[in-house]
Every structure is written in C-alpha cells, then in structure tokens.
Amino acid sequence: MSLEKPVIDDVGAEIFALAARIYPICRSITGNGVRQTLREIAAHIALDIHEVPTGTPVLDWTVPREWNIRDAWIRNARGEKIVDFSRSNLHVMSYSVPVQQQMSLAELKQHIYTLPDQPDLIPYRTSYYAENWAFCMSHRQFEALRDETYEVLIDSSLTEGHLTYGEYLHKGETSDEFLLSAHVCHPSLANDNCSGIALLTQLAKRLAGVRTRYSYRFLLAPGTIGAITWLARNEDKVGSIKHGLVVSMLGDRGGPTYKKSRRGNAEIDRAMVHALNQSGLSPAIEDFSPYGYDERQYCSPGFNLPVGLLQRSKFGAIPEYHTSADNLDFISPQALGESYRLITDAIGVIEGNGVFRNTVAKGEPQLGRRGLYGAIGGEKNAAAANMAMLWILNLSDGEHSLLDIAERAKLPFAVVKRTTELLAKHDLLKPVAGA
Amino acid sequence: MSLEKPVIDDVGAEIFALAARIYPICRSITGNGVRQTLREIAAHIALDIHEVPTGTPVLDWTVPREWNIRDAWIRNARGEKIVDFSRSNLHVMSYSVPVQQQMSLAELKQHIYTLPDQPDLIPYRTSYYAENWAFCMSHRQFEALRDETYEVLIDSSLTEGHLTYGEYLHKGETSDEFLLSAHVCHPSLANDNCSGIALLTQLAKRLAGVRTRYSYRFLLAPGTIGAITWLARNEDKVGSIKHGLVVSMLGDRGGPTYKKSRRGNAEIDRAMVHALNQSGLSPAIEDFSPYGYDERQYCSPGFNLPVGLLQRSKFGAIPEYHTSADNLDFISPQALGESYRLITDAIGVIEGNGVFRNTVAKGEPQLGRRGLYGAIGGEKNAAAANMAMLWILNLSDGEHSLLDIAERAKLPFAVVKRTTELLAKHDLLKPVAGA
Amino acid sequence: MSLEKPVIDDVGAEIFALAARIYPICRSITGNGVRQTLREIAAHIALDIHEVPTGTPVLDWTVPREWNIRDAWIRNARGEKIVDFSRSNLHVMSYSVPVQQQMSLAELKQHIYTLPDQPDLIPYRTSYYAENWAFCMSHRQFEALRDETYEVLIDSSLTEGHLTYGEYLHKGETSDEFLLSAHVCHPSLANDNCSGIALLTQLAKRLAGVRTRYSYRFLLAPGTIGAITWLARNEDKVGSIKHGLVVSMLGDRGGPTYKKSRRGNAEIDRAMVHALNQSGLSPAIEDFSPYGYDERQYCSPGFNLPVGLLQRSKFGAIPEYHTSADNLDFISPQALGESYRLITDAIGVIEGNGVFRNTVAKGEPQLGRRGLYGAIGGEKNAAAANMAMLWILNLSDGEHSLLDIAERAKLPFAVVKRTTELLAKHDLLKPVAGA
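Protein chains in written order, with this note's numbering: chain C, 1 to 435; chain Y, 1 to 435; chain A, 1 to 435.
Simulated from the structure, these hints should not be mistaken for laboratory data.
Glycine included, each C-beta is placed from N, C-alpha and C at the ideal position.
Worth double-checking, as some hints may not be accurate.
[Claimed, not checked] Among the chain Y residues that face chain A by a calculated CB cut under 7 Å, a handful are:
hint	residue
1	60
2	129
3	231
[Stated by the list, open to error] Covered stretches of chain A, going by a simulated chain Y footprint (3 or more residues, C-beta under 8 Å):
hint	segment
4	363–372
5	392–400
Sequences are here, hints too, so could you generate the full structure?
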C-alpha cells in the first residue's frame, strides 16, 4: 500500500479548501446543516448518507428531535439588529427553541452567554437535551447593552425528523476494518472540526485508488449521539474493527497530541506513537481518559475498541477552543498536511506490519555472499548501514513483529519494512502465517 | 462505615492525654509495667489481657522469665544518689539482674552506657537474653564521675512468671480481619511507643459504635516476643487477617513514613499510599525491609501477612530515637491527630473498596436524562465536575476496583466512593459479588 | 569455588606479559598466525587445536581458503621501501591476494587506505570474502607520496587449507557449561583482542586447580567464521551452555561496558551487572544489540544462548579502535587485572547462587540463642550488621535465589553467600533441590 503520492501533491491545501467550503454551514447534532455538509463531502467520495428517525432507541439514548434554524436576531429599541445570526451562527445557542418576544434588558440577560475573560470572542454553546434558548455574544458587546426594551427572534424548529450521518467504506483485501471517525455537529468552528471532516474526506478520496490490506470505514457523524447511533445500528460490525482513530482539531500549529485507546497498547497506539516519534514534531502522548470526543463511545467498556484520538492542540487547552477565534485563520494548509502525513504514516505501519521468521536462524546468514553487506571489513562505521538487516534477522524468530523490531532498534518503520522486503527477496525471511 | 465524627472531635488531644498518662510507667517485655499500662487501656476499651507462663514454647522462641524492678541507684562515696531510677526509668538497662555492691569507678564503668555524641541524653538499653546489668546516663555526667568508691543497687527480679499482652476485637460484618498492632515494651519513650498504644486505644474506642465490614483486631504486646507469642497461639486465626498495620512513633512532626508489606502491593499498601498521597503531608513510601517493628514477624515468609508499618519519622533515623529526648515534648496532639486521620483514611479505603459493573456498558449512559450531568454543553470546563462519573463508568467493567479507579483517575477515594453510590442509586452500577 | 588466590597474585601483569608476547603475530581468520598464537597459549593450558578444511559447510557459511603472508612492501622509484610489512602487519589489508607490480601513483592510490581524521595512525582493514589487495598507511605518509613509479609486493597465498581454533574444557561437578569466548583473528591490535586471549588463558590456567560446579569451555577462534564453525560442529553441545561471556578489549582504562545477552535477564546478565555495580568502577550496562563480536552468533535466534559481551571501552567508540594506536601502550596490567576480577566475581556469583528455604519460616528464628545476634538491644545501629541475616531469612521462601536476595537487599553477593553458609551451618537454611 502506498499513500506517498498524495503527500507529494498539495494535500494540505486541498484539505484547507474543503474545510473553508464547509466552514460557514450551521451544523448541529441534527438538521439541514449536517445534510448540507455531507452533500459537500459526497462531491468527493461515494458517501452513504443515513437518516435515522427521531425517537429511535439507540443504546441508552433516543434519537432527539431534529433542529433547524432559519434566522435569529436581537433588535434594540431603535429596531437595529444588534445581534444577527446571519453574521455568525455562533450567536445562537444550538438547539435553541423558537422565540419572538419583547423583553427588558434584565430579562434578556438571562439568555445571554459571554466570555468575560476573552471579551472580544463569541462563545459556542449548546443545549441539546434541556429546552432553552440563548444568544451568545462578545462580552464587550454585552457590557455596552443599554437598559431598554429589546425584541428577540429565533426562527427555529424542533420537530420530529431525523439524525443524519455519513459513512464511506474503502474495501481492502480483508474485511478487518480500520475506523476513521470525525464529528460533524459543530457550526462555524474551523479546527473543531471542519479540519477533521475535510482531512478524512481527502484521505478517503486518495485511498480510493489504493490496494489495502484493511478495509477503511469513514464515519462522519454528530458527536456522541451520532457515534452512539452508529454503534447501536452496527453492533454486529464492531468485532471487525481492528484499529481506529477519532480525529479532531487537525489544523492548528499545536501538538500533535495523541490520546491512547483504553487498551493503552493496541497496535494503533503503538503505530501512532511510532509515527509521531518519527515525525520531527514535538508530540504529546497521553494515556486514555474518558473525556474527549467519540473515542468515549468506542472505548466504553462494552465495546473497548482499539480507537485513539489524534489532535494537534488538545481540546479545551487553548483559548480559541469553542469560540469564534476557531476560524479559518486558526488553521493552515501546512498543519493540515502534517496531520495528514501522521495519519498516513500510522496507516503505513498498520498496513505493513507483520511477523517473519529468519530462515537461517542458527548464526547469522552470510550477507556478503548475497551482496547484502559492505565488502570491506574493519571500517569503523561499516556496520551502521547494516543495522536494520541485523536487527530484523536477530528478532525475526516468529514472535516479534516488524513494529516490535522498529521500536527495539529505534529505526523508522519504513526502513524496517523496506529492509524486510529485501531480505525476503533473498529468502532469508519468511512471513509467519496468521501472525 | 464512618469514622469522620472522631476526626471532628479533638482526637489528637485525647491521644496525647492517654500517651502522657502511660508515659511514666517502666515497661519491658514482661512484668508489672506492661500490666499497669494495659490496665490504663482497659479503662477505655474492653481489653482482653492474656498471661502466658515463662517457659512456654512460642514458635522458635520461649517465653522468658518475668522481670520486675522496684528501685535502683548509684551512690557516691558521700552517700549521695547520683543516679536514681525513680527520676528516669531509662537509667537502668532493661532486664538488668539484681545487684548491690561497692565498686571502684573502673569497675562501675564496665556497666555504664552513654551517648558520647549526644552528651546530654540518657540512652535506652536492653539485655533481654544475656544476663547482665547496667546503668545508662548522660555522657556529661559520666565524664564528671570522680575516681572514688561507689555503691550500686538494682532491686530487680528475674523469675518464673508471665508475658502479658492485651487484645481487643471489634466485630464487623465479616470475620475477615484488619490487624492493628503496637508494641508495649518500651519504658518512658513517648513517641516510641506511648503514641502508638494511645492512638490505637482511641481508635478502638471510637470504632466501638461503628458498623464495619471487617473485624478489627487490636494487639498491644511486647515487641518481637509478644508478636511471636500471639502468632504461636493464634496460628489458626492468621488466615483471617486480610489487612494489617503495625504502628510506631506516630506523634512527632516528621514523615509520615510508610513501609510496605513484604507483598509490596497488598490492598493495605495501596490504601495507605493513597491516604498518604491525598494527605497534603510529605510522605515517604518505602519498600519492605526485614528490619523494624513487629511487621518483621507478621511478614516472615511462613506467614507473609499483608501488614505494613506506619510511622512519622523513621525509627533510628532521628537523634531522639531511643534516648531520653523521646519525651512528651517530642510529640504533639496535632501530629497524633494527623496520624489518626491517615489511619482512618486508609481504613475508609479498605472498607469502601469494591468492584462494580456498569449496567450500560455499550456507549455512555445518558447522564443528562437522569439529572446527573451539566445541562449546558460547550462550556470549556463543564466536564471537570463529571470526570469522576465518566471514569467510574468507563472502568467499571467488573475488573477494576474503586481503588484502581481512584488511582487511575487521580481522584480522592472518597470522591470515587460517593460518586459510585450516586450512580448505583440510578442503577447505572451494580456491585460484582465476591469481588 | 575460589578464584581469590589468583587475585592476590599479580594476574594483571601475567595477562599483560602474555598479551605482549602474542601482539607481534600477524593473525587473520585463517593461517599460520592463528596457529602460532594458539601454540603460545598451549604453553599455558592443555589447549585442543582444531583444523577444519577449506570448503567445509558451516551453518550458512563455508570455511574459506587459508591465507598466509610472508612479506609485503612498497618501493619508490629509488628502490626505498617506504612501506614495509615487517615493521607493522597492519600495513597490509588482511586477505590481500598476491601482487608484484610496478605502477603509477594514481594506480597505487586505488589500493591504499588511510584515516584522514587521524593522520598519524595506520588503519586496520580486511577483505575476507572479496578478492582484493591493499596497503594501509598513515595519512601523513600518503599525502607525502610523490608522483613517481612504485613497485609493490604482497607475497601472500590464498589456498585450500584450514581454519584453526583452540578449545579448552575445565571439567566441573556438572556437565552444565559456562562458555568463555574470544576472537583470535586480529593482527597487532593489543586491546582488540590480545587482551581477551591472554586474559582467558590466565583464567583457564588458574581454574585448573579449582573445583567448580560448572564446566568452563574456553573458545579461542577467529571472529564470526570461527564461532560459526564451532557452533556448526557442536550443535549437540549448545544445550549445555547455561551461561557465557564473549570478551574483547579488556585492557584499556575505559568502561567497563557490559552488553546483555539477547535474553536480557539471563543469570549471566544479572551476575555480571551485580559484579559491575559492586566493583567501584563506573560501568555502562547496555541492552543487547545484534552488532558486536561473537555474541552475534551465540545470540542468533536459533541458538539464543545466554551469552553477554564484556569490554572496557565500547568497540568502535574510541579513536584507537582498529588503528595502530591499539598497541601495547594502550593496555595496562592494572586494567587487565580489574577486568579479570570482574569476570571472576561474576563467576563467583554464578557458582555460588542457589535457592534456600528458611527452616523457621514462621516468625524470625531466635538468632541470639544461637550466638548469631548482637546481644545488647537498643543500640541504634546494632541491626546494621545483622541485615544480611534478616534479609536472607525473610526471602528464603524457596522462591528467591541468593542473587535475588543480594539485589533486593543491595548487599554484595559474597556477603549474602557467606551469611547463607553461616545460617545453613546452624540449620536455619536448607538448600532447595533442583532450584
């Protein structure tokens, strides 16, 4: 398998362009914003779009009513729109019930969220399961509000409808699956998670022409309830998931940050850590914790799937998180390209991993006779170039995988893989079936 | 179980008062000093006092003759008592045989112990198993001794008699036992171990009104030979001891110091380490070593009981150890109260520990529907308060105990316990029988 | 077993003297240099010298043709010998084919090796398996070569013959073996490995009079092909090798450096690490890697023998490595004596190790009654001297070896061993058969 060609092309720029295209859409956990987003994605890959009716029981949850919004504003006493949904969809708390009403400043303040410590930013707020309505605005604007009568409008609907998610399967040589999952429920937040949606789309698109060992399942679904809905409808498929990544916030300059799966030492954990350590970036590796994105669901004890979380900056740990500062200026083609490369590197490890047996197990094979070894002995550093061969031959006892060897020998997996292929061509290594 | 009430009362002051009351008594490994001490304890708890005859074989040992002392002094040539047992019982080496004799300074010096490096302090010395006699004095006094004839008297007896120890059992819901053991063989040494005797007495007294899961066995016995005697007479009970602590030197401002049981990772070790790490003090955690107090006997390979040692300063490591400086000024109600709290915190962990299973194992349960979750999503720190719930639900797969979860989540055990009870009330957790 | 007497004698000086005696010989992987070296060794120990014919298949290899050299030089246009094999056998690349020819400077330069970064040193080069010829010289000399016609002579032969190696077996009480292996294929390099050949010879000589538990097999063979040849001819004996050391570069002032066996925690690894940590030197302990000396063959996956590598400086890591600076000035009797002591200390651990069971497992045995314990209790440091007894008694539960105990108690193995013998004499310990 090779995803190296896509690295040569300007994948970061294409991811950025797609993220920019879906950035303006007002997404929530249900509704037309999700549909519109998935239609954009479907222009790139053959996405299956699923609609699940309100009221459908899914694990411990129930698919909620569908929320849609057409317009929203606050008008002051002079009729001026001082807050306008059409300027930023963050201005309305997601799942706000409809309202059209005149009210005093005191009443209005009960329905306003701000960030006093970041007075220029609009916060992102939701209230999916408690009926409520609210506006979000900058704290500067909030402080300037005059004591007068306001008119507020939220032209939304909360009705029987559907939850929408998208799914794409790249079929590999086996039915064992690699799950790649991103949430599609956040409105105009560029990093969280237009970046993830766009990156997975470009990855799926590039995978289409590639023969892979594993099948790759891409899931673009609203956070929490979307993953729960997919799990509820696919309990029989869960056993096929051998590796998985939740992705989020892949476009900023921080991190990269990898949170291990609940298992802690799954192959995806080791592959991702290897890719990160080889990246030349300054990765942070974290143990699993039960707070985060949809790895919470995949790693719940009844599933316990080998699914980790890849981000650049860690969610919640940066000032831009869940604010209007998470805009297109906050993400860059370069960071998106790096993130893409990390994921394809980890996929490369998973695809290429395997266990081999040294056919000349007793003593070293005579590499020189086969033209595999530096011919002039005694050179101080002659062996440096041969270390990969020696490590692979020494550890290929049928019990160590190529990733084990790369870790032990502190060599890039790609070098181990390439050298293994060379040794196998000379019949010095044989793959161990079923390992 | 709750021992929190005793923490509110002034337990440190009560422990100090009892320690002060028993401090003047001249204890040894046998004799009336031990009896008098145990009678003082029996005024607080229903202590069983056992008398074991001299000559009784106990494991590899034999109960020694009983030693009692009425008076002792050294008189100079002018008949002045220059050393007087009635002023400090440390002046006479414990188990000194009787003597009344005139002798030169040179002869007398063969029978005097001092601490040249701590010239103002009287050392504490014993000779239980080699017949001998000696006086202990400050090195300053020793150096001032004039070359004249001295008269020495030790009015002691070493006769067939008994070894005496006290035992108290608080019965819990099960016959599984928690052993708490302190030595009662040291004369006027306040920290080592009037502090331990007094603390265990106050703990037993407060436990009396409390329903517990475990039965609590309190053992107040002379060091080494007392523990060996108890073990010899209770070999059939040893299997019931699931947890244990030897206590010593609980009243000074050092440490706290915990020495793990020989097993190294017994539940008591983990519970005590958890309590220490949560205490806000600066604990030292040490691996087991075979030198110390009666954990030496409990952790001998034929028993290998899960019994650790709790001290403040480490024995032998401070200048006051085994000298007249280990007096009532060296211990304080505050330090004793802190030590009491550490022990009851560890008991709280042991009593409250258990294994639960998440009844909604697949995906997260919908906490919001049950009123268990912050209703407004998107708040940067909303999840902080929910972390205990998420950790408990994620790790309650029937294999992790609450203490496992507290350690992994870096949360106080009490928070984990309280949250577990809340989740169990909502039927989200069920206890795993027998775990 | 005791090798302590040899430490008292001036073993370092005797090793140095033998190393100096074999230093001038021109060794290679075959030929008369090896034979002459082994004859020198045979003057000290009853060495078996084996001759294996060219063409013999050995594992994946074939015994090569035998190489011998009588003379070699380069003459300038005036007929002056500017390079002369008789002055340093490093001047000729090992296994150079015969040549006698006139040539221009440009042609000659195709056959010269130098060390530009170490311009005063002659490098050591070999070409065992590619037919070629070359001279080695200092870079200063190389740069001074004038553009004239040179005559070169290499009077060597590469013919059907034999590979020669030496073997010596010290028979112990059991047929379980301890392998000690050094290479004999390097020409005038004092540290690498005249030091190893000489040290093993002196060790074998001193062992001759000593009763040992293990049998000690000494193997002096050319590097790589020699070990492979021995392994091929002794596959049935390999199972008897319970411990082993490859030695190399034992005479310089660096290190000591120990590279663990592939198993990583074999008894030889633990014994050698213990000896190093007790040595007062500044040892470096390294994990196994598949590059180095003949541990590469012994630790190939089909054998996986518990064989480590002991050196002073690490090969390749010092400027003198594989140059004319590795001469007799580079090694010293003192360093050789220290290396000898490290090896005999590790042998002492392996010989003396065993598992015992405390016969008084319940409680501590009464050591005082048996005269084993300080009689005066209460002394602050009385117990220090008794710690070895207490550790041994506490851990002798049939599952901990004496080496386990020494490691855990942080005591020298010799102290643990001596104390074990004392306790066994008092019937407090019994050996566990078969452990």
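The hints, checked one at a time:
no.	hint	verdict
1	60	holds, 4 Å
2	129	holds, 5 Å
3	231	holds, 6 Å
4	363–372	holds (count 6)
5	392–400	holds (count 5)
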